[in-house]
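Chemist: The chain contents come next:
Protein chains: 2
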Amino acid sequence: MRKLLNAALGACLAVAMTAGAANADAPGAAPHQRFDLGDFRLESGQVIEKGFLTYVTHGTLNEQRNNAILVLPSLMGTHHRHDFLIGPGKALDPGKYFIIAADTLGNGRAISPSNSETQPGPKFPQFSIRDMVDAQHRLVAEGLELDRLLAVVGLSMGGMQAYQWAASFPDEIAAVIPIVSMARTSPWVTAIWESQRQAIMADAAWAGGAYTEQPEKGLRAAAASLETWVRHWDWMDKEFTDNRQVVGWLNERTADAAKNWDANDFIYQTRAEDLHDIAKGGDYAEALARIQARALLMPGSQDLLHPPADSRFAARHIPRATLVEIDSDQGHMASGS
Amino acid sequence: MRKLLNAALGACLAVAMTAGAANADAPGAAPHQRFDLGDFRLESGQVIEKGFLTYVTHGTLNEQRNNAILVLPSLMGTHHRHDFLIGPGKALDPGKYFIIAADTLGNGRAISPSNSETQPGPKFPQFSIRDMVDAQHRLVAEGLELDRLLAVVGLSMGGMQAYQWAASFPDEIAAVIPIVSMARTSPWVTAIWESQRQAIMADAAWAGGAYTEQPEKGLRAAAASLETWVRHWDWMDKEFTDNRQVVGWLNERTADAAKNWDANDFIYQTRAEDLHDIAKGGDYAEALARIQARALLMPGSQDLLHPPADSRFAARHIPRATLVEIDSDQGHMASGS
Numbered sequence: 328m329r330k331l332l333n334a335a336l337g338a339c340l341a342v343a344m345t346a347g348a349a350n351a352d353a354p355g356a357a358p359h360q361r362f363d364l365g366d367f368r369l370e371s372g373q374v375i376e377k378g379f380l381t382y383v384t385h386g387t388l389n390e391q392r393n394n395a396i397l398v399l400p401s402l403m404g405t406h407h408r409h410d411f412l413i414g415p416g417k418a419l420d421p422g423k424y425f426i427i428a429a430d431t432l433g434n435g436r437a438i439s440p441s442n443s444e445t446q447p448g449p450k451f452p453q454f455s456i457r458d459m460v461d462a463q464h465r466l467v468a469e470g471l472e473l474d475r476l477l478a479v480v481g482l483s484m485g486g487m488q489a490y491q492w493a494a495s496f497p498d499e500i501a502a503v504i505p506i507v508s509m510a511r512t513s514p515w516v517t518a519i520w521e522s523q524r525q526a527i528m529a530d531a532a533w534a535g536g537a538y539t540e541q542p543e544k545g546l547r548a549a550a551a552s553l554e555t556w557v558r559h560w561d562w563m564d565k566e567f568t569d570n571r572q573v574v575g576w577l578n579e580r581t582a583d584a585a586k587n588w589d590a591n592d593f594i595y596q597t598r599a600e601d602l603h604d605i606a607k608g609g610d611y612a613e614a615l616a617r618i619q620a621r622a623l624l625m626p627g628s629q630d631l632l633h634p635p636a637d638s639r640f641a642a643r644h645i646p647r648a649t650l651v652e653i654d655s656d657q658g659h660m661a662s663g664s
Numbered sequence: 328m329r330k331l332l333n334a335a336l337g338a339c340l341a342v343a344m345t346a347g348a349a350n351a352d353a354p355g356a357a358p359h360q361r362f363d364l365g366d367f368r369l370e371s372g373q374v375i376e377k378g379f380l381t382y383v384t385h386g387t388l389n390e391q392r393n394n395a396i397l398v399l400p401s402l403m404g405t406h407h408r409h410d411f412l413i414g415p416g417k418a419l420d421p422g423k424y425f426i427i428a429a430d431t432l433g434n435g436r437a438i439s440p441s442n443s444e445t446q447p448g449p450k451f452p453q454f455s456i457r458d459m460v461d462a463q464h465r466l467v468a469e470g471l472e473l474d475r476l477l478a479v480v481g482l483s484m485g486g487m488q489a490y491q492w493a494a495s496f497p498d499e500i501a502a503v504i505p506i507v508s509m510a511r512t513s514p515w516v517t518a519i520w521e522s523q524r525q526a527i528m529a530d531a532a533w534a535g536g537a538y539t540e541q542p543e544k545g546l547r548a549a550a551a552s553l554e555t556w557v558r559h560w561d562w563m564d565k566e567f568t569d570n571r572q573v574v575g576w577l578n579e580r581t582a583d584a585a586k587n588w589d590a591n592d593f594i595y596q597t598r599a600e601d602l603h604d605i606a607k608g609g610d611y612a613e614a615l616a617r618i619q620a621r622a623l624l625m626p627g628s629q630d631l632l633h634p635p636a637d638s639r640f641a642a643r644h645i646p647r648a649t650l651v652e653i654d655s656d657q658g659h660m661a662s663g664s
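Here the protein sequences line up with chains G and S, keeping their order.
For the first sequence, my numbering begins at 328 and goes up steadily by one.
For the second sequence, my numbering begins at 328 and goes up steadily by one.
Since the hints were made in silico from the structure, they are not lab data.
Do not take every clue at face value.
Note that identical chains are pooled: a pair holds if it fits in a single copy or bridges any two copies.
SDA-like, lysine to any residue: derived pairs with alpha carbons at most 20 Å apart [to be verified]:
1. Lys565 x Leu631
2. Lys330 x Asp583
3. Lys565 x Ala532
4. Lys417 x Ala534
5. Lys607 x Pro497
All chains, full assembly: derive it from the sequences and hints.
Modeler: As structure tokens, this is what we get:
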């Protein structure tokens, strides 16, 4: 899968890039950076106070300023989520591109319910995918002073943001590459998120969001559910010789989530997905038809969490779309890790 | 689906039945009956104290005593689970058959953690699908004095019991009809149950199983998860015009579960599924090959909870098997309600 992702992305970017290659840039540890949003007004009218985004960059902006790629993480993911795609010879080659790997609202690194000083926890206003993208646009246009991106690449929820970039800022991106993603959230996906939110809220430690310690049992139950939804039985039934091994495996997998996730951040990010619709309640096919960017849509052939049907529909309506289905028995994990 | 189920079952039973039709029996309210198991020894060696099964019968046993059909419910289902298949002109026609609709260990009607006087809640010993079947065999052989069943029919977990009947008592059943079911529990299915059990246990009210009131929030979270797993996106994304309608729908659907389910019963029944393997750890294909009964296997074509692959595998190995896939966009709910 990683190979296919790298190959397909590389080909798309080569086509989308109209100017020559930039100077090579030695790979190395990219320093974490911060962009202040100030008081950031959401589409709901509410305001996130003292907003900020965090990010790293790889590579160098070329003279034509046309090799910048924004990469956006999946739910609860950080700017490290795409590291497997970034490196010399990989699709996101810092020798060619100026790569901006950003955190996004609510992931615990950028401004989030878990780290806001003035609006902590349940006081944080609910943001949308469109708000995530507006904040990123501020980073790109004001912080990095870029008029245009070569591409926006995103896995899963990152892909939702990529679609939203193409819809919100059609003149400012050349290519959009959503992987195992969708341009609007379906009832199916909301049902999955809602059942996981309910698992977190079933834990009395959640305390209506005003917890002092993480509702660990609820978080682990939600993570156990998500661990299953992002897989596929074809993979799981090969991976384990005995069904009872799965209980221990789930416990191992969810230990990280319980340690690294914040319950409110999870709830806010999934609710942002629920609000996601590039047509904003209008005609979906028409909204897709207005996307001007070259689009490379890469759903997983057996993805149960974000089934490929949405990408197929989008590919029929986006004028310059290419559909490359990742043929994988790993479900949503076809996204590469 | 109900029509297909009725037609396919009817055809299978007509072939399996070697003798003529019995006298017609007027349909009407079937009185609830009880069969005492006494102290019931499980395959683990543990004993369920003061065990009993509950059941109803429809129709009349014919003179040849060869028209008895045992029908077994799905997880948390009762003997009413199959009412849609039972009636004049339906597959399970009381005019032709003597139908035994039984409750099964742990469903809250038969002996269960929730109603045991001497081993309540977490003191109840863990039973298996094989134990469920051994108890039913006692009801059939001793309680009803039947040497042989025309068929054992079951939906989902009821189908697991049907497979187990064919494996445990090969000389005593003519036909076995597992619907949306599997002959052994896969890692996939255990992962799904485990995440739902964790949601229940995340509710502090669960209290290690020693609750005084149901852990309602945990039960509802588990039920919300199961409501999604038993569906399919093709159905759900047609059913709702807006993804946010789903939250209210889940709340409505899970109100019944919270009212009617007992948390320990759910945990025990799902763990019984985890223990299910007609080969008991031996060679699965060989165990299937030893089934002598005529088998009608009816998986749902798009069932995510009990994917059809297992039924296809079973159909290749059971000597007298017929596979009729229920072509449905309703996932596991292809089972008919």
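Chemist: Work down the list of hints and note, for each, if the structure agrees.
Modeler: Consistency of the hints with the structure:
1. Lys565 x Leu631: Both: 17 Å inside a chain and 17 Å across chains, each within 20 Å.
2. Lys330 x Asp583: neither (26 Å within a copy, 48 Å between copies)
3. Lys565 x Ala532: neither (37 Å within a copy, 37 Å between copies)
4. Lys417 x Ala534: Intra 45 Å, inter 51 Å, cutoff 20 Å: neither.
5. Lys607 x Pro497: Result: close within a single copy only, 16 Å intra versus 60 Å inter.
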